[in-house]
Amino acid sequence: MGAAWLLRRLLASVAIIFAVVTFVFILIHVAPGRPCPETVERAVCEELKRQFGLDRPLPEQYWRYLVALAHGNMGNSYANGRPVRAAIAGTIPFTLQLAGAALVLDFLLGLGLGIYQAVRVNRIPDVVLGNVTLFIYSLPTFWLALLLLLAFGEKLRWFPVGGASDPVLCPVVHSLFCVADRLWHTVLPAATLGLVGAAGTARFQRAAMLEVARQDYVRTARAKGLPERRVVLRHQLRNALLSFVTRFGLAFPFLLTGAVLIETIFAWPGMGRLAFDAILLRDYPVVTGTALIASVVVVAGNLLADILVGLADPRLRVRAPTDVEVVTA
Amino acid sequence: MTLGTWLALFVALVVTAEIVRVLRHRAMRHERWRRFFRHRTTTWGLGILTFLVIVALAAPLVAPYDPDKQLDIVHLKNHPPSWTFLLGTDVLSRDVWSRTVYGARVSLGIGALGALVAVALGTLVGAVAGYYQRWIDAVLMRGVDVGLALPRIFILLMAVALWDGLPFAALIIVIGLTSWFGTSRLVRAEVLSLRQRDFVVAARALGAGSGRVIFRHVLPNAAAPIIVSAALGVGNVLLLEASLSFLGIGVKPPEPTWGNMIADNAPSIYTAPWSTLFPGLAISLVVLSLNAVADGVRDALDPRAEAA
Numbered sequence: 001m002g003a004a005w006l007l008r009r010l011l012a013s014v015a016i017i018f019a020v021v022t023f024v025f026i027l028i029h030v031a032p033g034r035p036c037p038e039t040v041e042r043a044v045c046e047e048l049k050r051q052f053g054l055d056r057p058l059p060e061q062y063w064r065y066l067v068a069l070a071h072g073n074m075g076n077s078y079a080n081g082r083p084v085r086a087a088i089a090g091t092i093p094f095t096l097q098l099a100g101a102a103l104v105l106d107f108l109l110g111l112g113l114g115i116y117q118a119v120r121v122n123r124i125p126d127v128v129l130g131n132v133t134l135f136i137y138s139l140p141t142f143w144l145a146l147l148l149l150l151a152f153g154e155k156l157r158w159f160p161v162g163g164a165s166d167p168v169l170c171p172v173v174h175s176l177f178c179v180a181d182r183l184w185h186t187v188l189p190a191a192t193l194g195l196v197g198a199a200g201t202a203r204f205q206r207a208a209m210l211e212v213a214r215q216d217y218v219r220t221a222r223a224k225g226l227p228e229r230r231v232v233l234r235h236q237l238r239n240a241l242l243s244f245v246t247r248f249g250l251a252f253p254f255l256l257t258g259a260v261l262i263e264t265i266f267a268w269p270g271m272g273r274l275a276f277d278a279i280l281l282r283d284y285p286v287v288t289g290t291a292l293i294a295s296v297v298v299v300a301g302n303l304l305a306d307i308l309v310g311l312a313d314p315r316l317r318v319r320a321p322t323d324v325e326v327v328t329a
Numbered sequence: 001m002t003l004g005t006w007l008a009l010f011v012a013l014v015v016t017a018e019i020v021r022v023l024r025h026r027a028m029r030h031e032r033w034r035r036f037f038r039h040r041t042t043t044w045g046l047g048i049l050t051f052l053v054i055v056a057l058a059a060p061l062v063a064p065y066d067p068d069k070q071l072d073i074v075h076l077k078n079h080p081p082s083w084t085f086l087l088g089t090d091v092l093s094r095d096v097w098s099r100t101v102y103g104a105r106v107s108l109g110i111g112a113l114g115a116l117v118a119v120a121l122g123t124l125v126g127a128v129a130g131y132y133q134r135w136i137d138a139v140l141m142r143g144v145d146v147g148l149a150l151p152r153i154f155i156l157l158m159a160v161a162l163w164d165g166l167p168f169a170a171l172i173i174v175i176g177l178t179s180w181f182g183t184s185r186l187v188r189a190e191v192l193s194l195r196q197r198d199f200v201v202a203a204r205a206l207g208a209g210s211g212r213v214i215f216r217h218v219l220p221n222a223a224a225p226i227i228v229s230a231a232l233g234v235g236n237v238l239l240l241e242a243s244l245s246f247l248g249i250g251v252k253p254p255e256p257t258w259g260n261m262i263a264d265n266a267p268s269i270y271t272a273p274w275s276t277l278f279p280g281l282a283i284s285l286v287v288l289s290l291n292a293v294a295d296g297v298r299d300a301l302d303p304r305a306e307a308a
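These protein sequence lines map, in sequence, to chains A and B.
Per this note's numbering, residue 1 is the first one in the first sequence, and the count goes up by one each step.
Per this note's numbering, residue 1 is the first one in the second sequence, and the count goes up by one each step.
Bound-form chain A, shown alone (with noise of 0.2 Å):
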């Protein structure tokens, strides 16, 4: 994996995402349906189509959504005028923090359980982390997020129920206090994204530690003598560690796709939510703004997995990995 390599990635990657942009911009524009309500009188829609620019025909719409996003431009909102990117961009920080949260719990909770399970493998604490972790894998995410809220925002009251922030306080205050309670908002959502998350990383990661139990180098080392820590710690481990580096470029896309849901139930102030208000609104730059952000991550998050591999595994750095096999989650 060379610089030719890498060039040919990112430029497949761009052809991707061009991809998904055409097929959102044609998908939105093929549905029935006007970004007027009914009530609205006809003149008036028709002076609103002119003024949007949506009375032109399709193919010229297209293009001048085009050059205005080689310009950094994603257009203004329908429903209130603000510039798309602006939107986004507020409500980045706040995808941000949830997912960087959840993919903590989701990473550290899992390795462990995977780790702990694959050597205590077909023993009784593997077989019962295994199915509660089966369990918890199988939760619907909203399910577990209303679960979550009855048990521990209604009935303990130990976290509030909805909000990135105390909507009195906090927009005013700036202080520890507020950096706090921003984490406190944080928790439930978090936990829910997490949980269900770390179950399928410790599924996975223990399959990774089997899998690799069965090297003959693993096999070797311990024939060799060498303490069972350091058999598992530096050979099992660190090569199981491997396919990890995969799904963790392919979390990405599940947390930005679990948290539509989420940042709805907890009215969590993301692009998630972003997002499903405007197809509800039909407000089309926002919607095709936020589908480009979102095909960004999931592209950028395979090629950073497909680079990670290649600069942590020295055997593909031999093969030309035209095809590496992505396992989807």
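In case anyone wonders, no lab produced these hints; they're calculated from the structure.
On a predicted model such as this, the values are computed, not experimentally measured, just so you know.
C-beta atoms are modelled at their ideal positions from N, C-alpha and C, and glycine is treated no differently.
Mixed in with the good hints, there may be bad ones.
[Unchecked claim] Partner residues are not named here, just some residues of chain A that face chain B (Cβ under 8 Å, in silico):
no.: 1; residue: Phe23
no.: 2; residue: Ile26
no.: 3; residue: Ala31
no.: 4; residue: Leu280
Knowing the structure of chain A, use the given hints to seat chain B on it.
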């Protein structure tokens, strides 16, 4: 709950136990399938799925009330679980148990059909790409790359929200059309390695057409990953449908699905949690069982698992 519904439930339970017993008995003759039943979770998963399918099919017998009927909006609203209303009543005084049973028809039906569309399409595309290779492969797989980069939930939200009031069939097809990309990659990889094998080469040398080679020789040997992705696919589609219905844009009320039951009752979750909890539990049980069965199939058909 009347005596008749209890009796029907009991019969369903007995039939389930009998089906699982017979399957297990038959499986003992084959080394691979014996391994499938070795896991207790897998056996339980199969049992739960069988039971739920029977209950869904026999819904009129097992459900004591009309699922859409508002029994008594004044007195029976949000009635807690009791012997009369096994799982309580919901915010519109409808029987939650009856709605869950009828919801199983819709939810399981959409899950199975959506996964069928997705797996059929994914298998076809993967097989064609892997078998013919060259430009067909290149074109199809670049398409799959784009498909995998699509933010699926966004696309579904858009499709379903913009085309308001999609009929069932359209919902199933839309979900199926956005869920086949992973399967096609899997099948392609499998076909790529199978087409080099001697028996495939021999079949081609004997003059078998490519259709025959693909369907009679290649695909049957790629059954394991296809079955696994089908089992996982049903769960995925079910979750997607539930998510869409939960957001209020999937299956329209009053037609009960587990997803829109949760959506209908989530606002009153603090006062009447049962009407939200039980449909969610049903979804979790089905997905759990499917995942367990998929684990079992993977174990049974994976030749490397012998050592483990």
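Evaluation of the provided hints:
This hint holds: A:Phe23 has a C-beta 7 Å from the nearest C-beta of chain B, less than the 8 Å allowed. Hint on A:Ile26 is violated. Least Cβ distance to chain B is approximately 11 Å, over the 8 Å limit. Interface hint at A:Ala31: satisfied, since its Cβ lies 4 Å from the closest Cβ of chain B, which is below the 8 Å cut-off. The restraint placing A:Leu280 at the interface with chain B holds, with a minimum CB-CB distance near 6 Å, inside the 8 Å limit.
Figure legend: structure checked against the earlier numbered hints; the only hint not met is number 2.
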